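Start from chain G and add chain X according to the hints.
Number of protein chains: 2
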Amino acid sequence: MKKTVDIESYLPPLLKREHIARIEDNLLLVGDRRKYPWELTHVACRTVDDIAKAIRDMVTQGGGPLQVAMTTLRFVARQIQHGELPDKPNVFIEVANTLKATRPTNTTMARTLQELVAEIGQWYVCDGMRDVHSDDLVGYVDQIIDRKEASFDADYDMMSDIGSHLIPDGTGILTTCFAEHTFLLSLAKATQEGKRFTVYVPETRPYLQGARLTAPSLQAMGLEVFVITDGMGAHFMETSEIGIYMSAADLVTMDGTVVNKVGTLANAICARHYHIPYHVFAMSPDPTKATRDDIVMEERDGNEVLRCGSAPTTLATLKGRYPAFDIIRNEFVEGIITPKGWYKPSEIGKAYRT
Amino acid sequence: MKKTVDIESYLPPLLKREHIARIEDNLLLVGDRRKYPWELTHVACRTVDDIAKAIRDMVTQGGGPLQVAMTTLRFVARQIQHGELPDKPNVFIEVANTLKATRPTNTTMARTLQELVAEIGQWYVCDGMRDVHSDDLVGYVDQIIDRKEASFDADYDMMSDIGSHLIPDGTGILTTCFAEHTFLLSLAKATQEGKRFTVYVPETRPYLQGARLTAPSLQAMGLEVFVITDGMGAHFMETSEIGIYMSAADLVTMDGTVVNKVGTLANAICARHYHIPYHVFAMSPDPTKATRDDIVMEERDGNEVLRCGSAPTTLATLKGRYPAFDIIRNEFVEGIITPKGWYKPSEIGKAYRT
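Line by line, the protein sequences give chains G and X. No gaps in the numbering here: position 194 of the first sequence is 431 in the working numbering, and each next residue is one more. No gaps in the numbering here: position 24 of the second sequence is 261 in the working numbering, and each next residue is one more.
Chain G on its own, in the form it takes in the complex (with noise of 0.2 Å):
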């Protein structure tokens, strides 16, 4: 079995795990994403409900809502132990639906927290396993997110190798949003390797997340970037400056239909107009939905579209429409890159279903 790498070590400091989500006292603190590049500060939440309204807020986002969500499950252990919560299995389970509906299209979460709120429910159905894995609660909790996280690390290390693999050597990548460790570990070693590549990186309007989390966090490694606006993946494609697009993906279905930030869907119609491969990032296809009819969709304020930061882009008479998510049909995927390999989106479906 190939040695698991430090993860940590290629990362930059917005996606180590420290700064996504903490604990320290009675605080869970979940890494402020809204406010950098500029500082590297957090939101300190007390309880539950404040983490769920810090995801709601957009404090973090992608792939952060995840690691935030097993963070708030050994956070809660801590409740339990110091009598601010009570010590039953149903605790769990409220905190973890209380999660999971502030993200209503990335299911990854939900169903990571599923898994884990049962795991987390043998403490309480069967006495014996307090003495096999912990003397506590928390220990046992601990222990469980550990393991989690651990094989997270085990797949964003697999699902690297494929990405740097596929790189060409002496080309442009373009990505849209922030497609987080797998998609920036696959860059970090395909650099090693001695490729040389500039990324273009769309602004991501209107939260910004490509100028604000993806560029800095690629100039924080070494790379070359380009910022660049929305409209203009396709200008660099007629130049023949990109070579590659390569994204994340909210979600995965079983047909291979792929959900990602609004802007993925035209720079994927135009990509493939190109000849120029479109792969994605799936950390966790889902095997409870079939197809794009499964999805449910989040249309978030259209007034968030009427600003950038705090400054108003246009009147506040006039409406905006704030569709966060793009479908993107399988037809314009060349391949999605899971923990279990590299498929054609058409064999996603056999690898996932269960």
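Since the hints were derived computationally from the structure, they do not count as laboratory data. A few of these clues could be false.
Identical chains share a label here; the pair holds if one copy fits it or two copies do between them.
Derived lysine-lysine pairs resembling DSS-like cross-links, with alpha carbons at most 30 Å apart [to be verified]:
#: 1; residue 1: 556; residue 2: 272
#: 2; residue 1: 253; residue 2: 556
#: 3; residue 1: 556; residue 2: 426
#: 4; residue 1: 290; residue 2: 432
#: 5; residue 1: 272; residue 2: 432
#: 6; residue 1: 556; residue 2: 432
#: 7; residue 1: 587; residue 2: 272
#: 8; residue 1: 587; residue 2: 337
These numbers come from a predicted model, not from an experiment.
Positioned in the frame of chain G, the structure of chain X alone reads:
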């Protein structure tokens, strides 16, 4: 002959001729599109160099520089009359060259100036003309510009008849940047004909011409409008909310290649994929440009992408790219609306080649 309507009465404040450029005392006032929609103000220019700087600094854009250039010729005639500039034909030629240099890609202003300056030159080569046309240089130049402006108004009127006819009833119309007179008049006429539609306006980063100029202008005209981000065009095509795509063109070459604001290409490629027609308003296809190889492309300072208004969108240590225009191959264009009528891109050469 069709009676020309009073174009100005249909137009929103931003496009009224007196706002785009007007002479007051010894100043030429250029309407400041950078401050719209919050303020309807002007930049006061004392010299032709001031005017050229205002155009370079994006005080006006799109079709604005053409109107500013025509008003500049009136302004120069007055300066000559007041003895502030020498009374020589070379003065007009130099003024035209200074203004032309401010916009290398959009050639309509350059060609219009060339034509007008040649006509003004008649004043100097043929003394007999003076009695026929006017008593003084100012009156002579004003007559020439009045005639040209009336000719543009007639073009706008005719082209917007075609545009309004092309708009389907009960649909969404996608546009890009600020397509000005022809597009806005098309919408006004379509509304008068009883058609109902919603206009989807991409904000058009980095300068936000869509959010700041197009959307408030459409709202001022009483139309239903949604501001969206530049990456959302394909999204609303996929959801069947868009039935037609319409934009202006900064340049059309004789093989039907269209040049327009960056972001247009992605929408045009996606529109073809969804079988949505893309129609282009082109005031003046350029007979001197045979193909895309003859296009001079303007790449602006990449730092402009790193801010929104005066606020930075990311770290100043990053690099941006800002190709101002897209080149759209004729295969993505359904039709081009010109002062000579509607043409398939492949027919433009026959209609316009001299």
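Cross-check of the supplied hints:
{"no.": "1", "hint": "556 - 272", "in the structure": "both (26 Å within a copy, 20 Å between copies)"}
{"no.": "2", "hint": "253 - 556", "in the structure": "between (38 Å within a copy, 24 Å between copies)"}
{"no.": "3", "hint": "556 - 426", "in the structure": "between (44 Å within a copy, 23 Å between copies)"}
{"no.": "4", "hint": "290 - 432", "in the structure": "neither (42 Å within a copy, 44 Å between copies)"}
{"no.": "5", "hint": "272 - 432", "in the structure": "neither (32 Å within a copy, 45 Å between copies)"}
{"no.": "6", "hint": "556 - 432", "in the structure": "between (45 Å within a copy, 21 Å between copies)"}
{"no.": "7", "hint": "587 - 272", "in the structure": "neither (42 Å within a copy, 56 Å between copies)"}
{"no.": "8", "hint": "587 - 337", "in the structure": "within (27 Å within a copy, 62 Å between copies)"}
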